[in-house]
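Please model the complete structure; the sequences and the hints are all you need to start from.
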Amino acid sequence: MLELKEVHTYYGNIHALKGISLRVEKGEIVTLIGSNGAGKSTTLRTIQGINRPRSGTVLLEGTALETLPPHEIARRGVAQSPEGRLIFPRMTVLENLEMGAYTRKDKTGIKDDLERVFTLFPRLKERIGQKGGTLSGGEQQMLAMARALMARPRILLLDEPSMGLSPILVELIFDTIVTINKEGTTILLVEQNALMALSIANRGYVIQTGEIILTDTAPNLKNNEMVRKSYLGIE
Amino acid sequence: MRNIRLSVLFGVIGGILTFLFEGWSVAVVGILMGISLGLAISGQLKRKEPAKLALDVLPSALVSCGILLILSLLQNYVITGVIGHSPAPLEVMIPANLIGVLGGALFLLITVALHGLSEGQERIGRLVLLGLVVIAFPFVDNFTQLGWTSLIIFSLIYVLLGMGLNIVVGYAGLLDLGYAAFFAIGAYTTGILSSQQDNITLNFWLVIWIAAAVAAVAGILLGAPTLRLRGDYLAIVTLGFGEIIPVIFLNLTNVTIKEPLTCWIIPGVERLFGATSKLSCNVIANNLNLTNGDLGINPIGRPALPFIGTFTSNNTVPWFFLIILIILLAIFGINRLRDSRLGRAWMAIREDELAASQMGIDPVRTKLLAFSMGATFSGFGGAFYGAYIAGVFPGAFQFSTSIIILCAVILGGIGNIYGVIVGGLVIETADRLFLPALKDFFTNLMNHSVLPALASQKTLHDIVAQNANPILYRYLLFGLVLVIMMAVRPEGLIPNAQRRMELHEAEEAPNVAASTSVKS
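So the sequences go chain by chain: A and B. Just add 268 to the spot in the first sequence (first one is 1) and you have our numbering. Position 186, counted from 1, in the second sequence is what our numbering calls 173; the numbers after and before it change by one each time, with no gaps.
Take these hints with a grain of salt, some might be off.
What the hints assert, rightly or not - Each computed SDA-like pair below joins lysine to any residue, with the alpha-carbon atoms no more than 25 Å apart: (1) A:373 / B:339; (2) A:379 / B:324; (3) A:375 / B:330; (4) A:379 / B:460; (5) A:375 / B:299; (6) A:379 / B:323; (7) A:373 / B:349; (8) A:375 / B:322; (9) A:379 / B:449; (10) A:393 / B:339; (11) A:375 / B:329.
Treat the hints as calculated values from the structure; they're not laboratory data.
Quick look at the structure:
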């Protein structure tokens, strides 16, 4: 469904992505793990069109995305729950969710999806009239994910959904990711919390200083010596 | 307690107005004071039975109307002596004060009592009340010979401009410091298309639409180069445009338009092959003086209607209702825009451009439409302005005009259309009506009382004589009002809910935290 081929992305002179190639098949959860500054978020930003690759291509079901502006990419069914969440702080929870469905015109479908995300995140329903900026960190994360789902995306990009959350909330969020995936949304999950990510993913890629150094199924990665040492903290 | 303070404030402001305008003014001032005080108070009261509410504000009514009556009497029997005017006769004073004081109290009670009805009924009641005031105003003004309508019309033009700028600044969050450029484009389009300047004289009812359309296109043209810019940089570029446009109009005095095909393209191609062209160059316009430079375009055609005839300067009533009609249509249109998908997109862009683009909103298109829609309303305003003063002069579109419109938006409450209406009215009425009256008052006061007393001290006499003119301090006073407003009530007179939250986040945050902890 989504494929990156030899993608090179630069920040000015800094060579951030040095030929990233990865693919996500329909219905999968694929995780991209790596340490700080390895290029995880840059990969997502490149897919989203916020950063342009200097060479290489990004394909969504065969269509090249790398020349399109971000809003066109979003309209083609790529939704992101961004790092730092980027919710609209002065809009209410409901207004945020409605913004998520901005490109859609099927009113009944939007209504159904509202019900759906409220079932996934009952907490959001309690906070429906509250301004986004006044939510707690975990609630903002839920809102960002719910808002991305409201677009009924073909592929959902999740950037560090566990960041800054308590262990209980992380469990809750990851359970929800699995539910969302079972309901038919393809997911590319970027995480520092490799243990959690690998426990729910089908396959994984390990990224280090802008290069993919390893790829395998999630269980195999979990048992890989190098991954265990560097990312799972297990000797 | 707060209500009483407000009542004192409104009573004193009303009293000062009677100092300046004398005679019948107390009647008009009293009623306007009653309604505005009622609107200001009722927002803070809990809903209960209308009669009980009315009873609750009885002290406010007594205080405000009492102060107004005292000051009005003081004016007529004491102040007139000091400034060398003769007091108004009893046959004016008695009815004027009765109407002002009793009418003011009555309207205050009615406005507050409306708050006792349901929300929808209150809205309708207020609309009816304001509608009555607006409809009655020019006729009462004619009757009482106050001559306010002709000046209030300028305020209403600024209200329209403010509403347009509010789309750009308030909804889309793009700081535009050169908004007067679009006002100039609207006015000059009207001037060029309906004056003898270039022998094109179209009907006003057509020209006003053309002016709006030209301004809308100009909005897109001027918006396009600014799109990559944010915040301060955007503001500086719009500032530049605001300076460029009036200069362009100033210099459109010798315009020659040649048809490109016969003048350049065909001869150019022929010359490439070494032939000399035998085509005669078609000149569409030769040495045309479009704008008449410094002198401006004058006179400009005016609107006409069956039964009323051509609108004239002597009869301000049709002008008043025309601009009111334009404003009503603008309110309707802007409210629809705000609630549309486009309106939502503006809010999202204002909140966070990156996040908005990830929702599938095209930032370029959205911002250009904000510029263009905002410009449209100043196109209408410019066309009306040109026709109303029957001329267009380059001096009217300076940087200060842009700033005053922006201040009207900020003073009233960014993002709230009703706040912007109040802001525009307050600022321009202060400028056009209040300050000149204050100047006359001071001139009379000086000439009659102060200067004769100072005759022995020549230096002091001269200093006072030269500086006792409030119009000299126009921008100083203006600045002071803004500084005080920003310190006391930064969200504006009638704030937009979101903006208010933004500015009071620090104060409200603990409450939010408290309420969440209670819930969990």
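Requested in this report: Given the hint that residue 375 of chain A pairs with residue 329 of chain B, test it: the Cα-Cα distance must not exceed 25 Å.
Outcome: 17 Å, holds
**Report entry** Pair hint residue 375 of chain A and residue 330 of chain B, alpha-carbon separation not exceeding 25 Å
**Finding:** Status holds; Cα separation ~18 Å.
Report task. Please work out if residue 379 of chain A and residue 460 of chain B have their alpha carbons no farther apart than 25 Å. Result -> 58 Å, violated
Report task. Sort out whether residue 323 of chain B lies within 25 Å of residue 379 of chain A, counting only the CA atoms. Result -> Between residue 379 of chain A and residue 323 of chain B the Cα gap is close to 22 Å, so the pair holds against 25 Å.
Query raised in the report: Does the structure keep residue 379 of chain A and residue 449 of chain B at a Cα separation of 25 Å or less?
Result: Since the Cα atoms of residue 379 of chain A and residue 449 of chain B sit roughly 76 Å apart, the hinted pair is violated (cutoff 25 Å).
Report task. Assess, step by step, whether the Cα of residue 375 of chain A is no farther than 25 Å from the Cα of residue 299 of chain B, and give holds or violated. Result -> With a Cα-Cα distance of about 52 Å, the restraint between residue 375 of chain A and residue 299 of chain B is violated, given a limit of 25 Å.
Query raised in the report: Within a Cα-Cα threshold of 25 Å, do residue 373 of chain A and residue 339 of chain B meet the stated pairing?
Result: Distance of about 23 Å is within 25 Å: holds.
Query raised in the report: Is the Cα-Cα distance between residue 375 of chain A and residue 322 of chain B 25 Å or less?
Result: 22 Å, holds
**Report entry** Hint consistency between residue 373 of chain A and residue 349 of chain B [alpha-carbon to alpha-carbon, up to 25 Å]
**Finding:** 16 Å, holds
Query raised in the report: CA of residue 379 of chain A to CA of residue 324 of chain B, is that 25 Å or under?
Result: 23 Å, holds
Query raised in the report: Taken at face value, is the distance from the CA of residue 339 of chain B to the CA of residue 393 of chain A at most 25 Å?
Result: Distance of about 23 Å is within 25 Å: holds.
Consistency note: the structure conflicts with the earlier hints numbered 4, 5, 9.
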